[in-house]
Amino acid sequence: MERVRLRLSVNGEEREVLAPVHHTLLEVLREELALTGTKHGCELGECGTCTVLLDGRPVLSCVTLPVECEGRPITTVEGLARGAELHPLQQAFAELGAAQCGYCTPGFLLVAEALLREKPAPSRLEIAEALAGNLCRCTGYLKIFEAVERAAERMRGAEVARA
Amino acid sequence: MPEERRDDLTVIGRPLEKVDAAAKVAGQTLFADDIVLARMAYARLLRSPHPHARIRRLDLRRAAAHPGVLATLVGSELPIPFGILPVSQDEHALALDTVRFVGDPVAAVAALDEETAEEAVALIDADYEVLPALMTIEEALAREDARIHAYGPRGNVHKEVSFDFGDVEEGFRQADHVREDTFFFEGNTHLPLEQHAAVGVFGPDGKLTLWSSTQTPHYVHRALAKVLEMPPAHIRVIATPNGGGFGGKSDPFGHEIVVCKLAMKTGRPVKATLTREEVFYCHRGRHPVRMWIKTGVKQDGSITAMHFRSALDGGAYGSYGVASLYYTGALQTVTYEVPRYRFEGVRVFTNKPPCGPKRGHGTPQPRYALECHIDRICHDLGLDPAAWRRRHAVAPGTVTANQMEVRTTGLRECLDRVVERSGWGERRGRLGPGRGLGLAASAYISGAGLPIYWNAMPHSGVQIKVDRGGGVTVFCGSTDIGQGSDSVLAYVVAEELGVAPKDVRVVTADTDLTPVDLGSYSSRVTLMTGNAALEAARKLRALILDAAAKRLAVPAGRLRASGGRIADGADAARSLSFAEAAALAEAEHGTLGAVGSYTPPRSVARWKGAGVGPTPTYSYSACVVELSADRETGLLRVDKVWIAHDVGRSINPLLVIGQVEGSVYMGLGEVLMEEQAFRRGLHKIPSMLEYKSPTTLEMPPVESILVETLDPEGPYGAKECGQGPLLPVIPAVANALFDALGVHVSEVPITPEKVMAALEQRYRGPQMPPFTYPPAVVVPPLEAAQPARAPDVDPAVRP
Chain A
15 MERVRLRLSV NGEEREVLAP VHHTLLEVLR EELALTGTKH GCELGECGTC TVLLDGRPVL
75 SCVTLPVECE GRPITTVEGL ARGAELHPLQ QAFAELGAAQ CGYCTPGFLL VAEALLREKP
135 APSRLEIAEA LAGNLCRCTG YLKIFEAVER AAERMRGAEV ARA
Chain B
283 MPEERRDDLT VIGRPLEKVD AAAKVAGQTL FADDIVLARM AYARLLRSPH PHARIRRLDL
343 RRAAAHPGVL ATLVGSELPI PFGILPVSQD EHALALDTVR FVGDPVAAVA ALDEETAEEA
403 VALIDADYEV LPALMTIEEA LAREDARIHA YGPRGNVHKE VSFDFGDVEE GFRQADHVRE
463 DTFFFEGNTH LPLEQHAAVG VFGPDGKLTL WSSTQTPHYV HRALAKVLEM PPAHIRVIAT
523 PNGGGFGGKS DPFGHEIVVC KLAMKTGRPV KATLTREEVF YCHRGRHPVR MWIKTGVKQD
583 GSITAMHFRS ALDGGAYGSY GVASLYYTGA LQTVTYEVPR YRFEGVRVFT NKPPCGPKRG
643 HGTPQPRYAL ECHIDRICHD LGLDPAAWRR RHAVAPGTVT ANQMEVRTTG LRECLDRVVE
703 RSGWGERRGR LGPGRGLGLA ASAYISGAGL PIYWNAMPHS GVQIKVDRGG GVTVFCGSTD
763 IGQGSDSVLA YVVAEELGVA PKDVRVVTAD TDLTPVDLGS YSSRVTLMTG NAALEAARKL
823 RALILDAAAK RLAVPAGRLR ASGGRIADGA DAARSLSFAE AAALAEAEHG TLGAVGSYTP
883 PRSVARWKGA GVGPTPTYSY SACVVELSAD RETGLLRVDK VWIAHDVGRS INPLLVIGQV
943 EGSVYMGLGE VLMEEQAFRR GLHKIPSMLE YKSPTTLEMP PVESILVETL DPEGPYGAKE
1003 CGQGPLLPVI PAVANALFDA LGVHVSEVPI TPEKVMAALE QRYRGPQMPP FTYPPAVVVP
1063 PLEAAQPARA PDVDPAVRP
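Sequences listed follow chains A and B, in order.
Under my numbering, think of the first position of the first sequence as 15, with each following residue one higher.
Under my numbering, think of the first position of the second sequence as 283, with each following residue one higher.
Hints in this document: simulated from the structure, not taken from any laboratory.
Note that the structure is a prediction, hence the values are computed from the model and not measured.
Under the rule of at most 16 Å between Cα atoms (straight-line distance), these lysine to aspartate or glutamate pairs were calculated in the EDC-like manner:
#1 B:K974 - A:E60
#2 B:K489 - B:D794
#3 A:K133 - A:E167
#4 B:K784 - A:E109
Away from chain B, derived, C-beta distances all over 12 Å, residues of chain A:
#5 G26
#6 P87
#7 E132
#8 P134
Don't be surprised by glycine CBs; every beta carbon is placed ideally from N, CA and C.
Excised from the complex, chain B in its bound form (with noise of 0.2 Å):
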């Protein structure tokens, strides 16, 4: 049952200001980089020359004697290896004696100033064995004797999953039509403003405390205590606010390990910011990803089957990867229904920057396929892709072929009101030549069910202390990476406690200071600390009501809180101010302070692999793109995007519209330039100017429409906004282009030359590469598996 939806919100649901807003604008925002410390050196780094080689010699004794030198650092010195994921300690600070792509760190310096430390960078005498480089998944597959890492079940195989969901031959058999179509996604990258940096301090007290443009401090300090070798209560991480992220600042990095290790070798604070070819060769980006689909539809278009192939070029750590991959064929089934799936996928090293978590992780590469997919079926069969989306919607409550539980879904009213906006019925089709539109829909979860270490504590922490001037202060670990998550946890206790949100003090992304919150990715944020916060605040507003209920002679019930006041809600006169009442309850239960904190849902899903997918609820998104196609250059122009997404309930919609055009642009940027291709071990274009995204002059306009369906699960109903509504551009914009040209590209970016290809009839469409999946894991139908049972899920993703 969806919640209620209250009428009496004076903060939730406005169109207010951020908390943050007034310094950013002021150039106030202290970002990584901009930190200066008293006796500060500086650290660069020497990365490999060479996509795959073996280091015969390091010898760093000219860089160690070159004048500003404080220190130097090689891979020996932390031994430790790391890495996001338990299952993928795959990394080193520095390398121990491989490296594996361009741009891999091998050594350190640390000097007085940053020039200094680059002349001495370029002291270094390194010298390398070269290996085979293996630069696609082709290679990587042929060359088993060539392994890039020594661990994977063979070759250069990181990790491969086959599932089956139900009978899908037995589909296959019932449908009416069957249709297979190959894709590719090529790889991009997040390309935030901000280039990552990193300040480490070693205090005479033994203590170390890093402030670094991070997404998920918790993880970072986990790592340094590994890899350090230090207890935990003895580092202090710090992430400041991100300068952009979409996941490229979710790895701990070797950087930040080497400024805290360089920190501690000369006793003085040391920084470092990545240039901007680091940043590019860092990556974490968007996987690409080859994808096979199969699926078998009755007359009227319902589906009976589908089969879904992926093989990712994982690039050359773990990093999120076995996430990743899991999430290339855990969301297909959460749209429409889909009775019987079979998912088998591939993750693949090669000698790249390690591919990771952009934006939808995982999950727009399989959406473009099966959205593109879905389209040239009802093309086939002669049905309207929307009507056949709003017909084939999974309904709230569905448990799916995959046991994904869908609770609510706004998908319909999504796609109803994307349609009716763009007049998608009288016009499609009729735009003239080389005009067209297209659709698409989607789903994103809202924070991951399970967390990335396996552990039974929250997901999310938050702490609130209120002092006897009514000054409230929130404490959380999550991280404000430019979406307004600082905002969020002050809207929430500013409703809660009758306050203005400006009232409300803000601390967040501090190990030291802030109780745990895994971090901000997965678009887990306003969910989990949204619920954190509420069951904090919903704690001291009783203390605090009871207070005022005895001094007003009201019952507690009848009080209001809000405006700064606690008023009888039959009569507004009988009042006091909030710092009154605190100072009131200060008085009756001693110092004021409270703690909520979340965790999901259990899954109902009983697979090993279930560990991916599950949410406390998916969002859901439908597009509508108009475009103009130029026959004779193949240029594509994005003339409008219509947009509705279901995001539960707007916690500010200012902001949820700020997240969607973002989305929006991301996509764009994704299906029409963006790509992190490589030549010879060497990124093609490792810079602003040449790795192509869309500028002011491309933006078309867009209409973005909120869609509320009062999620049980979410504070106040919201559901996630950041990732989801990215997904279904990429997709719009294929079936566009085929809307106005008639031609089908079916790889992303679609570039002019793509599209000059295919009406040339030379456009050759990708293929899968030579690789034979495992035997399927047959699960059974839910029914039939033991309830009682824990979950048996991956260890990859639940160790």
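Bound conformation, chain A alone (with noise of 0.2 Å):
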């Protein structure tokens, strides 16, 4: 098996693996790197479990080969708390029973983080555009909605304090 060698920013931290060069992004960060918190949910680019952020936006990462990754920021799930504290996203989503079984969380998460940096104050229709490719089965999106929606208030008023 013809293997890479790749250099790859993961939540700010350089990392170099050796990698079959036709394994996808996903598979490199579950298996390379053990970063599990990156789900699959078919493998094919069509429900947005796996999606991580490169360069800031979201990619889905099972089709996405980690060659074109290189020397560009990825963002996993595990990259989003900082140090033991989880982001307002992550906090939301717990507060709000926005993740029942979890296992589509971590794309929700990241497409939200997406979206928040780019909107910090969303309507619910660009909420719900902006996660229209990720699917959930449990909580019928709802819960998701208002966590977005209290997580990015909670920002806004972080923001404000700072400034």
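Put the two chains together into one complex, using the hints given.
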């Protein structure tokens, strides 16, 4: 099996791995880097479960080749928290029951993070549109919308407090 | 009598975070495929490409010789059959000589990595003699010569039932109006986001461990012991947190047995993770059901008799099918007064993936038919469908014609609440062209009255230990599939011991460590594990309060336990910390531990078949849907849903509403788009892109209303909430379509094509298959039965 040396910047850490050349970013994250917080639901780019951020934008890691990601920041769910402190989105998802089985949650969190960086005060429709590529079978999405709204509000509040 | 509402509760009834929420949002919850062990090998299964065939040749020599392959496995190495129900032990981990659906497992390979295993599977030389593929109920019934299984009453009939509860013909004679309707509910699948995965380890001590994404570790444990011919004491099954279940992970599966056997052959841990396509073919989802319903009513709408027929397309194996079949006829009587009832049902084998339990198990299909039928009757008689349902709702304390006992019901209140909130009275029929309101109601069990295999033991067990530092650990066999069952255990124990839920450690779903709970199915977990936890916690509470009472010199009855302290109710200054009290209790009584268990009350029903339907208590739901329908395209858009659910008592309203909203979502998916349909033996759309399910953009706003009836059988009065609220959503959409466009589509899903056909008067409703049901078993009314006799229930359900 032909392997390729990859230099990846994951959650702010420079990592070097030797991975089979055809392995996807999903496989490299989960198997080479043991970052199993990134989940998979189809491995065909259909369900959004494996979403991570590349250059701060959501990508489907199951259909992304890691060679394309060299030198570009990758964020996985493990990179959302600041040390032991959960990201406001993670906190809101936990408080409001937006994670039932929790399997789709990492993907939703990362898409929502990218959304809030671009639009700190999104409307309900803008949230729904941003998250439309991610499937969740447990929640009916409503608690997820509420959690994104609550996190957005808190993050705006924190911005104001800092200013 | 309902329980009295306790106002001293500090944990129960609060919208608390789940105990496992932080791990889930941090991405730290370990699902089955996240498990990686040293020296772990990877398994792949070869699955049948034919819907029905005999295996003529199976040669694994090339696969075995492929570099990196560690072991191969064929069906003859696992010859013992298994199946979830004792009467349907009709599956093999790998096919012995016949394959019965595309996707039936045939052989397996373990290799150093997944790709090598996949390459090796491609090298397996399998040759099949193709047999007739029976893809519809009609074909299966017509081809008595081509049997899919050698068991069953005849041909491809898996199970047929027929019961008379009262003289329905006399009831129809007394009726002023008799209506008949035929319906079809296409099957659909669970589509959990997590693909099934399992890891087997066989230790040098001869003991086996399986981690699996299963909802029913206890039943998997039993199946492994049987098929592998090992003492159960040498097998440990650990259910990992399920990444969605919905019933799809409730059967023991071939791949679970295969990883164990391959672990035994290789001496290494072996993991198998199914592909999404394999998950579609594993299925065990909603049965396609044809239904015919005939009801007689008086002029005022009161029912004189009801006759219900179902025909289920079961797919290739038994699975839970016998129970599913009974469920299609069991709960029609527990919502509205039905004085005389006849039920006839049949389940047929076909060469498709096996059907089984999906959220609502066997009841969404008949509930859809019944609620549409009721609306049509109301239309015939010029009655308001909401008022009709309210007027004819079963009263608490009713024993129905088929001997189901309704102890508490919040149905009327649920109806009132959704009628009021939706503006039903003022808005129905007045929303303008293409817009409509529809209503439906339903009931569901809070756990089944009987276990899947006959035994006299509890359905749920809980063990609690308290340590010297005040730490509390709860052990229970239940499996958290996202519904929050681990949290319910923590809440109940925290409430009783007066500590915070975060001070309670929960250990679940591990057959080595935890007492048996039958599993996360039939909406049984909150009620049954909650009661078991309550019993165990109250025993410990008594010991701890007793010790505290002595130290504080206060009568134990005056003590209050909350917020981690035990204090005199009359003088809060006299208090001890929970940890101090626990240490005193340990000094006095020895190591602190207690057990609790729960067994449902005995059903009043006395007929063969009454193993399905009885429950400790029924939940009730009512739903109003507002929708817009496009006359030009047939597209339906649900604009708003109001739903009220009688949950008895919310252990945690946040989680209850989560279940209600999730149920609404899943019901909308089923009625508008989801279908598990086949073409020439192949699943038409085995991918998440083409199997349409609602996205964020299809999800309407939902107003959830919780009704609390404080059921005396439930912990703190609680009933189920995970499945029941799905049931009324589907018929409410169908009824709203009629209000919007004045057309009936008598099948689910209601696709735009069907709506257009109905608008253009091209729609031909579904037909019942040609089938003669067996002569009815006449069930005498309860008062004529022998009350002292043991219940004589169908061995299919209670062998």
